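Sequences listed follow chains A and B, in order.
The first sequence lines up with residues 0 to 493 when you count with numbering that gives the first Met the number 0.
The second sequence lines up with residues 0 to 493 when you count with numbering that gives the first Met the number 0.
Keep in mind that a hint or two might mislead.
Identical copies look the same in the list; a pair holds intra-copy or inter-copy alike.
Said to hold, decoys possible - Below, computed lysine-lysine pairings styled on DSS-like, alpha-carbon distance capped at 30 Å: (1) K436 with K23; (2) K88 with K4; (3) K88 with K105; (4) K252 with K99; (5) K252 with K22; (6) K202 with K332; (7) K48 with K368; (8) K182 with K78; (9) K455 with K99; (10) K4 with K22; (11) K48 with K332; (12) K107 with K55; (13) K455 with K383; (14) K436 with K368; (15) K430 with K411; (16) K332 with K455; (17) K383 with K88; (18) K459 with K48.
By construction, these hints were calculated from the structure, which means they are not laboratory data.
Bear in mind the structure is a predicted one, so any value in this text is a computation, not a measurement.
2 protein chains.
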Amino acid sequence: MSNNKGIPARAENYSEWYNELVKKADLAEHSAVKGCMVIKPYGYAIWEKMQAQLDKIFKDTGHSNAYFPLFVPKSFLEKEEGHAEGFAKECAVVTHYRLKADPNEKGKLIADPDSRLDEELIVRPTSEAVIWNTYRNWIQSYRDLPLLINQWANVVRWEMRTRLFLRTTEFLWQEGHTAHATKAEAIEETERMLHVYAEFAEKHLAVPVIRGIKTENEKFAGAETTYCIEALMQNGWALQAGTSHFLGQNFAKAFDVRFTTREGTQDLVWGTSWGVSTRLMGALIMAHSDDEGLVLPPGLAPIQVVIVPIYRSEEELARVTAQALEIKAELQKAGISVRYDDRDTLRPGFKFAEWELKGVPVRLALGPKDLDNGTIEVARRDLKTKEVLPLATVAQHVPTLLAAIHDQIYTKALTYRDSHITPVNSYDEFKQVLETKGGFIAAHWDGDFATADRIKDETKATIRCIPLGNPAELGTCMVTGRPSQQRVLFARAY
Amino acid sequence: MSNNKGIPARAENYSEWYNELVKKADLAEHSAVKGCMVIKPYGYAIWEKMQAQLDKIFKDTGHSNAYFPLFVPKSFLEKEEGHAEGFAKECAVVTHYRLKADPNEKGKLIADPDSRLDEELIVRPTSEAVIWNTYRNWIQSYRDLPLLINQWANVVRWEMRTRLFLRTTEFLWQEGHTAHATKAEAIEETERMLHVYAEFAEKHLAVPVIRGIKTENEKFAGAETTYCIEALMQNGWALQAGTSHFLGQNFAKAFDVRFTTREGTQDLVWGTSWGVSTRLMGALIMAHSDDEGLVLPPGLAPIQVVIVPIYRSEEELARVTAQALEIKAELQKAGISVRYDDRDTLRPGFKFAEWELKGVPVRLALGPKDLDNGTIEVARRDLKTKEVLPLATVAQHVPTLLAAIHDQIYTKALTYRDSHITPVNSYDEFKQVLETKGGFIAAHWDGDFATADRIKDETKATIRCIPLGNPAELGTCMVTGRPSQQRVLFARAY
């Protein structure tokens with residue numbers, strides 16, 4: 000144990016560090032329903048901030064929210080072949096619509112056999128099928144395009160091995176579904192939303208990401224091309240943080256969505272879809288936090304500043320409180336969320352540790368000596384440094400400090416990430432870098448999925464993406480020696 | 000038909016008027032999944048405003064949001080007997096977690112028999128069971144109380160006869176679930192949230208409501224007492240717009256949720272739950288709208304002001320546009336949402352009708368003559384009046400006008416409601432009022448549910464509630480002549 004919070008050190012057991020941190024910081028916990036999580040108030044408050052900030056960006060880029068049914072008729076899923084194959088194995092299936100008293104056991108219920116559905120309903124693993132079936136009625140003419148819609152929803156993909164936020168059977172997400180008159184417009188939208196996600200990750204989560212394209216084998220079931228953003232965690236593992244899919248005319252074909260062009264001809268509609276999920280919570284936690292607890296970028300912290308009073312008597316507390324509330328009010332006026340922690344049964348040291356665990360970016364401590372000296376102690380969570388500042392300037396100082404904390408967190412993650420993209424020229428070197436250093440490895444690959452599968456089986460590393468703007472570079476596959484046109488990025492990944 | 004929008008007049012067919020209005024105003028439509036609706040962008044924009052405004056009130060009253068699983072294990076539902084009985088008949092049941100290729104038909108899928116769940120999962124009809132099972136681990140001591148949590152979620156209750164917003168198999172809602180150390184505190188919370196709902200209905204939806212208590216037969220399955228708010232629609236039917244339940248210790252007993260009191264003893268926790276749903280959209284639409292379309296209170300209107308240019312040439316349009324954009328900017332600065340409708344393929348009359356249908360509270364029309372005269376035409380949706388005002392004052396005038404529109408809509412609904420609470424003293428009079436006037440009928444009832452059932456069978460009217468602060472009044476039941484302590488409110492209801 001590296002601390003008194005019951006959380007192992009990252010170096011000791013990164014995986015357990017994450018699991019314990021998520022629980023101890025009150026972010027989420029496993030529910031009694033296998034694979035499903037409970038998002039606790041403190042974790043949900045962070046997710047709400049992500050939602051609100053992303054939602055604003057979606058609206059600023061011309062999208063509207065709507066809501067489509069939770070259930071997908073089985074026959075809808077069958078319509079796009081690749082889509083069906085991709086999702087069939089992880090579908091929760093509703094077969095009955097009523098329970099009745101169990102005739103064999105008092106107080107127990109059974110699915111009423113008389114309520115069996117003619118056609119099973121699938122709990123949506125994603126909504127392309129149900130949405131494109133709806134778009135058929137919404138789109139007649141080029142005047143109805145583009146159609147730019149987003150949905151905030153829960154989805155279910157049955158998972159055998161789950162981890163809080165990173166992989167759960169039910170998760171929360173947003174899914175954008177757009178329809179366009181031309182291929183070029185649809186590709187432009189796919190790329191626009193990739194960049195929206197990348198900027199959101201960098202400017203809001205303070206997590207640098209690589210923008211790239213998935214290989215054919217890793218693309219979304221039903222897409223022509225899948226774009227992705229890939230982040231790097233502190234243990235050198237990658238994490239796919241968002242995807243944006245160019246769907247071509249696949250779903251338009253499957254659901255017969257046609258429109259009259261400006262020239263009066265009939266054409267199939269072009270589509271995109273794109274999504275990020277509560278998985279971003281996992282990325283946020285893993286990218287920045289340390290052995291003492293969460294480290295949160297100030298823009299997503301539910302509490303940005305905590306003020307802890309130091310006192311030995313009621314009189315001292317009264318004096319300190321008067322000053323603390325003044326500072327709190329001033330900071331709140333500047334739009335900063337502040338908690339004054341005057342719980343009287345806990346010692347300051349306990350409070351310091353708790354707010355450290357919860358990742359509050361700035362901690363102010365104020366005692367009677369500070370009042371006498373006109374000072375206040377200002378501690379920043381990210382660097383664990385503290386300084387004594389004049390009371391009179393603290394309210395002006397904090398906004399600057401919060402911005403500096405964001406920059407520091409981002410720069411630290413960026414420096415780590417940039418120093419963990421390693422080009423290698425042989426499979427031995429590849430394995431060695433993977434074991435000793437981790438991170439992204441840029442290597443030549445022959446484009447054969449059998450080779451990629453072999454690499455995965457032998458090393459657990461997968462192709463994360465082909466970065467946008469990847470330079471052409473002739474070489475030979477590190478495994479087979481066959482020719483290759485460019486390096487691709489490998490990593491072990493969540 | 001009363002208009003050229005394809006919507007019947009209210010007087011002609013109120014029910015069809017509602018159905019067509021919901022579709023024509025682009026609020027929602029039936030989906031391909033039986034009983035489930037698609038909430039379209041314009042409808043969702045109104046729901047989002049309701050959500051944001053309610054969410055702020057919940058937070059201001061000390062509640063935090065969290066998220067609990069979509070699925071409820073069947074055995075959880077069985078634990079509270081009344082709860083199980085109340086919901087068993089409308090449960091969507093998940094029995095399998097995987098599909099596989101149908102061996103008998105290429106391209107088709109079947110639920111994989113090998114993926115049958117040991118225990119069926121119910122798609123939540125409400126979350127008391129799953130939440131109280133979680134609370135058992137969250138609550139140990141009086142220090143953990145009160146626990147004040149809200150969830151925004153989708154729920155599923157299988158309905159045989161559905162109507163958009165009013166009764167759908169899947170709907171969106173919020174459900175508050177709180178836990179308290181004492182009975183008095185729990186009742187106080189139940190009543191607090193009832194008043195929150197009532198004020199929200201009145202101040203945000205502009206819908207006056209009666210605050211009351213449900214009879215034993217109509218209370219929530221699992222509650223000790225159900226409080227409700229009841230609104231009156233323009234056809235004289237009532238609509239239950241929100242409920243707040245005092246759960247007693249029922250769920251604490253069922254899920255063994257105990258806490259150590261301040262005195263060191265063990266006690267069962269007291270609970271409440273409360274919810275409003277997308278049903279509020281139905282109340283909003285039915286309470287105010289007219290034969291020309293939606294009438295929206297300005298605070299919930301996605302577009303509060305529309306500006307329509309009047310012009311015959313490109314030059315005129317350019318002049319008008321310059322002025323219109325100036326007004327738009329000024330109004331936006333005041334926090335008002337404005338749409339400048341310069342679509343060039345549509346005539347002003349068409350635009351007027353469209354924005355009338357969509358319920359935009361204020362319409363400004365601006366032409367070259369207005370520019371010459373320094374005037375602008377201001378039309379209000381609620382009264383369908385218009386006036387010509389000086390251009391220079393319009394930006395100051397609009398906020399006042401929006402407030403006046405809210406007040407007018409509310410007052411109109413209140414006047415209607417107040418004139419439709421009719422005391423009757425005989426069953427004949429009851430039937431006559433029901434047929435000729437509708438609304439709430441205050442009548443004596445003997446407290447016997449057989450009597451209530453007979454009244455329902457014979458008249459389709461049900462007991463809506465016993466209003467809070469209902470005066471004691473000795474009388475005799477209008478049906479049986481047996482003694483009664485007070486009048487209760489009857490109505491036909493959605």
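Given identical chains, is K48 near K332, meaning Cα to Cα at most 30 Å, within a copy, between copies, both, or neither?
both (19 Å within a copy, 25 Å between copies)
Using 30 Å as the alpha carbon limit, work out where K459 and K48 are close: within a copy, between copies, both or neither.
This pair counts as neither: shortest intra-copy Cα distance 34 Å, inter-copy 47 Å.
Checking K436 and K368: alpha-carbon separation at most 30 Å within a copy, between copies, both or neither?
For K436 and K368, the Cα distance exceeds 30 Å both inside one copy (48 Å) and across copies (75 Å).
Within, between, both or neither, where K182 and K78 count as close if Cα-Cα is 30 Å or less:
Result: close within a single copy only, 22 Å intra versus 55 Å inter.
Up to 30 Å CA-CA - K332 versus K202, copy category:
Answer is both; intra-copy 23 Å and inter-copy 27 Å each pass.
How would you label the pair K455, K99 (within, between, both, or neither) given a Cα cut-off of 30 Å?
between (49 Å within a copy, 26 Å between copies)
Within, between, both or neither: how does the pair K455, K383 come out at a Cα-Cα threshold of 30 Å?
So K455 and K383 fail the 30 Å test inside a copy (39 Å) and across (69 Å) alike.
Alpha-carbon proximity context of K88 and K4, limit 30 Å
So K88 and K4 fail the 30 Å test inside a copy (40 Å) and across (47 Å) alike.
Within, between, both or neither: how does the pair K252, K22 come out at a Cα-Cα threshold of 30 Å?
Classified as between; 27 Å across copies, 46 Å inside a copy.
Checking an output row: K332 and K455, CA cutoff 30 Å. Within, between, both or neither?
Answer is neither; intra-copy 53 Å and inter-copy 57 Å both fail.
Have a look at K430 and K411 and pick one of within, between, both or neither, based on CA distance no larger than 30 Å.
Close inside one copy (26 Å), not across copies (76 Å); limit 30 Å.
Status of K23 relative to K436 across identical chains (alpha carbons, at most 30 Å):
This pair counts as within: shortest intra-copy Cα distance 29 Å, inter-copy 61 Å.
Consistency note: the structure conflicts with the earlier hints numbered 2, 7, 12, 13, 14, 16, 17, 18.
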